[in-house]
Amino acid sequence: MPTLAEIAGLLNVSLPDGADGGREIVGVSTLDEARPNELSFLSNEHYVRELATTRAAAVLLHRRLKGWAAAGTPVPTIVVDDAELAVAKVLGLFAPDVPRPPVGIDPTARIAPGAAIGDGAAIGPNAYVGERTVLGRRAVLHAGAYVGDDVTVGDDCEFFPNVVIRERITIGHRVTIHANSVLGTDGFGYRWDGTRHVKIPQIGAVVIEDDVEIGSCVCIDRGRLSSTRIGRGTKIDNLVQIGHNVQTGPHCIVCGQVGLAGSVTVGTGVVLGGQAGIRDHARLGDGSILAACSAVMDDVEPKSVVSGVPALPHRQTLREQAAIRRLPDLVVLVRKLEERLAALEGKDDKVTR
Amino acid sequence: MPTLAEIAGLLNVSLPDGADGGREIVGVSTLDEARPNELSFLSNEHYVRELATTRAAAVLLHRRLKGWAAAGTPVPTIVVDDAELAVAKVLGLFAPDVPRPPVGIDPTARIAPGAAIGDGAAIGPNAYVGERTVLGRRAVLHAGAYVGDDVTVGDDCEFFPNVVIRERITIGHRVTIHANSVLGTDGFGYRWDGTRHVKIPQIGAVVIEDDVEIGSCVCIDRGRLSSTRIGRGTKIDNLVQIGHNVQTGPHCIVCGQVGLAGSVTVGTGVVLGGQAGIRDHARLGDGSILAACSAVMDDVEPKSVVSGVPALPHRQTLREQAAIRRLPDLVVLVRKLEERLAALEGKDDKVTR
Amino acid sequence: MPTLAEIAGLLNVSLPDGADGGREIVGVSTLDEARPNELSFLSNEHYVRELATTRAAAVLLHRRLKGWAAAGTPVPTIVVDDAELAVAKVLGLFAPDVPRPPVGIDPTARIAPGAAIGDGAAIGPNAYVGERTVLGRRAVLHAGAYVGDDVTVGDDCEFFPNVVIRERITIGHRVTIHANSVLGTDGFGYRWDGTRHVKIPQIGAVVIEDDVEIGSCVCIDRGRLSSTRIGRGTKIDNLVQIGHNVQTGPHCIVCGQVGLAGSVTVGTGVVLGGQAGIRDHARLGDGSILAACSAVMDDVEPKSVVSGVPALPHRQTLREQAAIRRLPDLVVLVRKLEERLAALEGKDDKVTR
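Protein chains in written order, with the working numbering: chain A, 469 to 821; chain B, 469 to 821; chain C, 469 to 821.
Rather than coming from a laboratory, the hints here were simulated on the basis of the structure. It cannot be assumed that every hint is accurate.
The list makes no distinction among identical chains, and a pair is therefore deemed to hold if it is satisfied within one copy or across any two copies.
Only pairs whose alpha carbons sit at most 27 angstroms apart, straight line, appear in this in silico DSSO-like list of lysine-lysine [as the list claims (entries may be wrong)]:
(1) K557 <-> K534
(2) K667 <-> K557
(3) K771 <-> K667
(4) K557 <-> K815
(5) K804 <-> K815
(6) K534 <-> K815
(7) K557 <-> K804
(8) K534 <-> K804
(9) K815 <-> K771
(10) K667 <-> K815
(11) K771 <-> K804
The following block holds chain A by itself, in its conformation from the complex (with noise of 0.2 angstroms):
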């Protein structure tokens, strides 16, 4: 187990006076729930007040953040310019390892003869990989992925069990691939032709950029004539549909439960919060932030946030919802309103007659 010296280290930070370097530290947890030999932190005003009875060996505190100097606490106190990635960087030393199938082919796993497999790939049992298909060095596939004919993947990919990437997929370096996912199911194209809904052959194929990490269940289709591509960097929650066609651009962050229709197009460093809906076709400007449960029916503009059900320019939604709030009361002010103009006009009447 590290040393609070050997964090400080690991952070580059100097430790305070009085802290003890050579404390032996076994974990990570919240202000309220440390142990005298574990490392806490302070990232959210929301939990200051617990500052002052938190019982963990050192916490580290957001440079930025207000009001933890004013409140005091008991412990040695490390200031970092941003405490999410001090603890990021800490959880790494005590993370366990993720459990993987040997370096090797489980002799139960299915290769393709003309599959090539790089060095130090894991293959585990049940897994499948297709024809022609290239697993580049350090691939881990755990139990009962599959991995169709024609398809590339890069170095220190990790695809999780019972993940399904069909044929003609290219995927880049460092993906992972939480369990139970499918990537290439053909789009969603019919067209009605008088008597039954005609399939529009989906002949395209599926491009995952390097860094790309996908959750568990989600849906990424392949796209009609040319493909569906996911942007380096771009980091994908758990049962999130991607329509055919769909472009994000790099370092995209996509929420739980987040449905693309096809053919939408999504800048850089886009934020789509949970179960948002975008409707085909629209693009979504580099920066902009889509709230949970947005429904978005246009294009958005680069750094805007839009947000509410048809999606609009945040500060127009909440204008809306507060002129809403008073809508109820409004009528009926409307109203009485109408009988004191009534009133009037008929004074009005009697005066003018």
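Position chains B and C relative to chain A; hints supplied.
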């Protein structure tokens, strides 16, 4: 097949005069579809009129339901306190057994040497049980079910095909998990460091208490530091997303496609309607009810009912919705009022001038 | 590769003068991306301007689309009644074959002794076929697909990897089910008995009629007493939830992440937009259309279009939305009107006093 008298015995009620207790009953059906050898029931006012024409062997009547006494029916009736509960009991007589792998371990299953399998367990083809994992008595793992390392599973649990239970998860007694659900995916946590989203390690676990039932394609993520927890007797429908560190109380009902963002706290006996979305850190009080499709942005009071986007107390939502129904007319009315007022001001000007 | 003349023949149209019928066509692409050996098409006014600069071998034009006659293009044009249908046909020429397991039964597949497998079936690695189950001719079960006991599957069906089809389900001819979908999970039904949620046995089945296509991670639950049914030719996108006893008519389109609560009845040719939610027991009339993200709380009239939360006739929703856009200004206006009215009343008081 049970006789009508045996069914009455099961329900602890007596048969009405003239009912043929020796009649064999072969099933339960709706009033309009029941054949003369089937039992039927009435638990919903909607269907009172079908009493007059039903051909069922007998009808279970919900005591407090209005209208059935007046309606009349040609078949024997059995009044019970709760017709739905009575039907649930009777259906148990007719429910076909769920097909299960035979007791024992299928030769194609992969059981880690250090795993412990309880007496009477049935492990199907290609199932996977990880190192140091303990499965309780009579556990059923259907084909392709995956249980990772260091998992503890109580007695009488059943995991349907292709369920994925990742490492370090604790599951109580009598827990059922339906096909293709995933427990223990990393929580969705990243921190932007200026150039990329840094992953925050998710080193917590998942705890599923006794008597929980989980539908298909459900995702329950592991906690960041501590555990995500599903309380005793809680029932979860299909395609639900449960984020890291969520805590649900006992006896909750979580309908299909609900999404709970990270760190949501759900009280005892809470009902979450289908597709409801709940923002991170929200607290849902004991006995609260969330309407289907509601978007919960704030804490919810105990025993309250909320609905809408954003969710508000249900009465307020109804009041606002009613006012919105009138809003287009209100806009027109106000315009007319303004004209009338302007006319009056004009006259008034003349009068007072 | 087909020639341009062969493609014209397939579409039953004649080539324009000057078109090189002998030219080999290697694919279909969008107007801006098509190379000189690819066919392109115009079916959407958005892209008319791209006609002028396309390098395609020829362009399929949608007869009723406006603007293309005036736009002009340097390449041969072929006018068809429905460009999307024509593209669907032509794409069939270029669609790569879906990789499938070879005809026969993989040695690792598990086929119950009493199962009957049709001629020409292809059963992949680790697939599972239960007792008394009948698979039709040319059935394709990809790796890890699971078909339980007492299931009947028609001819020419294809189930992608890790699909789970539970016991006692009936599937017609030419049904495709994409990866990781689950049919036949217990419907979600419990009854509170004062101390716990008692499970209501779900002893019904699921019926999937001919020519249905079902996406990935779709859940279709079994009925409580009778069957959940998906009508002939209906197409279902990914991550859709279909509750117990739902009945859909033929030729419906169910977009991604739609949720149908229990006992919903859907007519013929209904279109359900993405993420739409429909409450239990609602009836959707023939030919009705539900906008994306709508929350349907009541029955929907045949041939009507509904949208919004809660869903209303689309025109009404548009009218209300337009009024809400003006609501903040309306609140201000009414306040001013009240002031003006009060002023007038004050003067009036003086005048009439």
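* To do: Go through the copies and call it for K557 and K804: within, between, both or neither, with a Cα cutoff of 27 angstroms.
  => neither (63 angstroms within a copy, 58 angstroms between copies)
* Asked: With identical chains treated as interchangeable, where does the CA-CA distance between K557 and K534 reach 27 angstroms or less: within a copy, between copies, both, or neither?
  -> within (23 angstroms within a copy, 59 angstroms between copies)
* Please work out whether the CA atoms of K534 and K804 approach to 27 angstroms or closer within one copy, between two copies, in both situations, or in neither? => Neither: 48 angstroms inside a copy, 41 angstroms across copies.
* Asked: From the Cα coordinates, with 27 angstroms as the cut-off, is the pair K534 and K815 best called within, between, both, or neither?
  -> neither (61 angstroms within a copy, 54 angstroms between copies)
* Asked: How do K667 and K557 come out at 27 angstroms by Cα distance, when the copy is not named: within, between, both, or neither?
  -> For K667 and K557, only the inter-copy Cα distance (9 angstroms) is at most 27 angstroms; the intra-copy one is 49 angstroms.
* Is the C-alpha distance from K815 to K771 at most 27 angstroms within one copy, between copies, in both cases, or in neither? -> neither (56 angstroms within a copy, 52 angstroms between copies)
* Same-copy or cross-copy closeness of K771 to K804 [CA-CA at most 27 angstroms] -> neither (44 angstroms within a copy, 35 angstroms between copies)
* Asked: From the Cα coordinates, with 27 angstroms as the cut-off, is the pair K667 and K815 best called within, between, both, or neither?
  -> neither (72 angstroms within a copy, 69 angstroms between copies)
* Asked: 27 angstroms Cα cut-off: does K804 pair with K815 within a copy, between copies, both or neither?
  -> Result: close both inside a copy and across copies, 17 angstroms intra and 19 angstroms inter.
* Intra/inter-copy verdict for K771 and K667 if alpha-carbon distance must be at most 27 angstroms -> Intra 38 angstroms, inter 23 angstroms, cutoff 27 angstroms: inter-copy only.
* Check K557 against K815 for me: Cα-Cα at most 27 angstroms, and say if that holds within a copy, between copies, both or neither. => neither (78 angstroms within a copy, 73 angstroms between copies)
In this structure, the hints that do not hold are numbers 4, 6, 7, 8, 9, 10 and 11, in rising order.
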